[in-house]
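Q: Just need the whole structure built from these sequences, with the hints factored in.
From first to last, the protein sequence lines are chains A and B. The opening residue of the first sequence carries number 1 in the working numbering; numbering runs sequentially from there. The opening residue of the second sequence carries number 1 in the working numbering; numbering runs sequentially from there.
Bear in mind the hints are in silico, worked out from the structure with no lab data behind them. Quick reminder that beta carbons are idealized off the backbone N, C-alpha and C, glycines included. Some hints could be false.
Stated by the list, open to error - Sample of chain B residues at the chain A side, in silico, Cβ under 7 Å:
#	residue
1	S63
2	K64
3	Q65
4	A67
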Amino acid sequence: MTLEEKVINIIVEQLDVTKEECVLEASFIDDLGADSLDIVELLMEMEEAFGIEIADEELEKIATIQDVVDFLRQKGVQ
Amino acid sequence: MKRRVVVTGLGALTPLGNSLHESWEAAIAGKSGIGLITKFDSTAFKTKIAGEIKNFDPLQYVSKQEARRYDNFLLYSIAASEMALADARLTIGSDISERTGVIIGSAIGGLATLEEEFKNLLDSGPRKISPFAVPAILANLASGQVSIRFGAKGPINCAVTACASGTSAIGDAYKTIAYSDADVMIAGGVEAAVTQLAVGGFGSMRALSVRNDDPQKASRPFDKDRDGFIIGEGSGIVILEELSFALNRGARIYAELAGYGCTSDAFHMAAPPPGHEGAARCMRVAIQDAGLNPEDIDYINAHGTSTPLNDLYETQAIKSLFGDHAKTLLVSSTKSMTGHMLGAAGGVEAIFAVKSLQESVIPPTINLDNPGEGCDLNYVPNTACRQAIHTAMSNTFGFGGVNAVLLFKKFNESQFHKA
Numbered sequence: 001m002t003l004e005e006k007v008i009n010i011i012v013e014q015l016d017v018t019k020e021e022c023v024l025e026a027s028f029i030d031d032l033g034a035d036s037l038d039i040v041e042l043l044m045e046m047e048e049a050f051g052i053e054i055a056d057e058e059l060e061k062i063a064t065i066q067d068v069v070d071f072l073r074q075k076g077v078q
Numbered sequence: 001m002k003r004r005v006v007v008t009g010l011g012a013l014t015p016l017g018n019s020l021h022e023s024w025e026a027a028i029a030g031k032s033g034i035g036l037i038t039k040f041d042s043t044a045f046k047t048k049i050a051g052e053i054k055n056f057d058p059l060q061y062v063s064k065q066e067a068r069r070y071d072n073f074l075l076y077s078i079a080a081s082e083m084a085l086a087d088a089r090l091t092i093g094s095d096i097s098e099r100t101g102v103i104i105g106s107a108i109g110g111l112a113t114l115e116e117e118f119k120n121l122l123d124s125g126p127r128k129i130s131p132f133a134v135p136a137i138l139a140n141l142a143s144g145q146v147s148i149r150f151g152a153k154g155p156i157n158c159a160v161t162a163c164a165s166g167t168s169a170i171g172d173a174y175k176t177i178a179y180s181d182a183d184v185m186i187a188g189g190v191e192a193a194v195t196q197l198a199v200g201g202f203g204s205m206r207a208l209s210v211r212n213d214d215p216q217k218a219s220r221p222f223d224k225d226r227d228g229f230i231i232g233e234g235s236g237i238v239i240l241e242e243l244s245f246a247l248n249r250g251a252r253i254y255a256e257l258a259g260y261g262c263t264s265d266a267f268h269m270a271a272p273p274p275g276h277e278g279a280a281r282c283m284r285v286a287i288q289d290a291g292l293n294p295e296d297i298d299y300i301n302a303h304g305t306s307t308p309l310n311d312l313y314e315t316q317a318i319k320s321l322f323g324d325h326a327k328t329l330l331v332s333s334t335k336s337m338t339g340h341m342l343g344a345a346g347g348v349e350a351i352f353a354v355k356s357l358q359e360s361v362i363p364p365t366i367n368l369d370n371p372g373e374g375c376d377l378n379y380v381p382n383t384a385c386r387q388a389i390h391t392a393m394s395n396t397f398g399f400g401g402v403n404a405v406l407l408f409k410k411f412n413e414s415q416f417h418k419a
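A: Structure follows, in structure tokens:
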């Protein structure tokens, strides 16, 4: 499974959305109906799944699925 | 002038069933909803029994995501409210949303979530506390979630008066309509506290029954072998409407909510005083509020917790207020079957009182084999009693010395039009 697929699987489960909605450029708030609490919970799930930590400053920069994937790659997640 | 308030919808989720119909049928059949605790490992606890909600499927009411995030007390109140609104055949459209309010009481709120998140904190540190922890714990979020889901934009509040919470909520909702602040109120109680902290904490107070070998016999109000209450969980929600509003929309009217009393013992944080003067005074206030006399009362759904003190002192209070009439009026404790649903008790028991009026059936006090010393009223022992009644009261008392009593009256439409 690619990193993108892993990330999207978590998003589908956490945000109660379909895989089809989860295009990489989808914005959590504008396209996937998430609010700020949903994003916090989602990123906590990512921390758990990938064994990393996301600082609050970094969290603020994350708006789309691509942002999450880029962030994880930058942290060395494959 | 005080506006009249009627009950037009009922919804319940109890240890006896996941709908009002199931719960009521079981109650008048004298069934027990008590069993061994399944919600946590009770090995280390003195009390291993409770009245749990069984086979509840939250997905009947909410999305998968909501079911995961919401504490059970929120899910139960959403379910009972949805059932009550459906029963009232009421949709809260934009025409009535600002005149529709919500008051749902809960003694403790999301205790299971609090325990779970505190464990996360201790095990993994503050970063692992869910962003949904606080809104799943706060007691007023039952009213909040219900108002959001059904679009009720009128007055909103939450009664937190321990075991009287559901009654306080319905009483306050009644006043909200009587005082013209709303035309419709969604009101009642909810609790989901079959948890380690509640079972352990009430256990430390020696308030709980330890009849673990015979769960269905453990809740035995007014019986000489009663040894404490059984924690139950659930939700009971009523739809209240201003009388002319209900008549104009052709609503089916179950009963009139004619009186509410609330008093304080100012005595002890957990125990009632001998004779329970505050309870007697509270019943008197409710009767006066309804413009009735003590002799007019036909049935009392008692607080009847199955604790040694409550049942004796509540009996004394009834005798002191009603005098000779205490010998004729019917008194029963449905906690003998549901257990004590804490903040939900007042909601569910108000509903049972209303159903008694509507169906002319009084649910029994089960497990009443030998009345305890001083317990000498007609408690409808073990078998339901078929009798037409015109008035029914629901008593609930809570820690902190709270007493709250609702008085329901049979509603006769032809009488109303003549007047």
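Q: Taking each numbered hint in turn, which are not upheld by the structure, reported in ascending numerical order?
A: Failing hint: just 4.
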